[in-house]
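J.: Those protein sequence lines, which keep their order, are chains A and B.
According to our numbering, the stretch in the first sequence is residues 7 to 118, in order.
According to our numbering, the stretch in the second sequence is residues 828 to 935, in order.
Calculated directly from the structure, the hints in this document are not laboratory data.
One or more hints might be untrue.
Which residues of chain A face chain B? A partial, calculated answer using Cβ under 8 Å [unchecked claim]:
hint: 1; residue: 33
hint: 2; residue: 52
hint: 3; residue: 67
hint: 4; residue: 68
hint: 5; residue: 71
hint: 6; residue: 112
Derived coverage of chain B by chain A (criterion: at least 3 residues anywhere in the stretch with Cβ under 8 Å from a Cβ of chain A; other residues may be distant) [said to hold, decoys possible]:
hint: 7; stretch: 864-877
hint: 8; stretch: 921-932
Cβ atoms here follow ideal geometry from the backbone N, Cα and C, with glycine treated the same way.
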Amino acid sequence: KAGVTQTPRYLIKTRGQQVTLSCSPISGHRSVSWYQQTPGQGLQFLFEYFSETQRNKGNFPGRFSGRQFSNSRSEMNVSTLELGDSALYLCASSEDFNSPLHFGNGTRLTVT
Amino acid sequence: GQSLEQPSEVTAVEGAIVQINCTYQTSGFYGLSWYQQHDGGAPTFLSYNALDGLEETGRFSSFLSRSDSYGYLLLQELQMKDSASYFCAVKRDDKIIFGKGTRLHILP
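The shape of chain B in the complex, shown without the other chains (with noise of 0.2 Å):
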């Protein structure tokens, strides 16, 4: 089948470092991105890994790795404001494939 798995929650400090898995069970897809969704908010983009690799944005770092069928994103100097979730996302056969999001706890 066609399914992205997240943990569904991570808790973390302000200041540390967090990294948020995405292992994938599908194939022939156009890269990985990931989405931060604040509570009411709508969901933003944050990041797409067309190859493998690591790609960085400022604080966030997002990591692809086709071989492993795994990709994530890590988040530096976590800030309270990052408290959110955050999705990963594949797009194959033109439809997109969202995985069901990691709630990012971040404690004082």
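Here chain A stands alone, though its shape is the one from the complex (with noise of 0.2 Å):
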């Protein structure tokens, strides 16, 4: 099976611009979840997808926002950029709530 494949790889936007980074799971696993990875910060949930519903989301502003299709592939969002946005943003799949995750290799986003 094919891995998690996250879009693109590199991203460089400046500040106030919006951006969209997409997410295509393991076929098969149905839900999807996002995270955002900082030096200082770790690895901090955003939110996770079900079967195109949010189940849950991180403590993130509203300027983060995400969804999921049919084929359970998923795109997040982030509006109105801030350098603080800066970060690699990673994408998990899972077969159910409970399984382990396999990550992407995540979109290192840049924001000048």
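Two chains, two frames, a set of hints: combine them into the complex.
T.: Here's what the structure looks like:
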């Protein structure tokens, strides 16, 4: 099976812009979750989707949003980018809620 | 609050054994997981302890004691390729909480 695929791998944006990141889960996995990874804060949970529904959300402002499509592919969007949004954004898929996470290689976002 | 505490760095010698601890100040979670992440790579799942006790997978073992709010990852016969960051994680209220990770340095 192909692994979790995230696109793009690298992205450079300027403050105030918005960005959309894409994630294709492992075939058959219906749960997709997103994380922000920074050197100072580590891995922080953004949100989780299952069957096109957001199940829960981490402690991030409303500028961070996401969605999941019927084929389980997911996108996350960050609007009005701030310098502090520079991070590695990781997507993970799993078979169900309590199964191990399978991570993609991430999208490295740099906000200038 | 909800937090997982891990040492930021650990150094060990190739061929030796190293233990990475994870203590937590949260309750009501579904087990303790461990993930490995090499520089520039994606985190990969290593082990999961649903119940108290020891789980062994090859050179890696993981332990959980809910009464002591404590778990650890044990790596045996260390190899240079084990140089990576290791994260413990729990799931509580359907949200996954990760420790900040332990950077493992291995000396030849």
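J.: What are the numbers of the hints the structure violates, in ascending order?
T.: 1, 2, 3, 4 and 5
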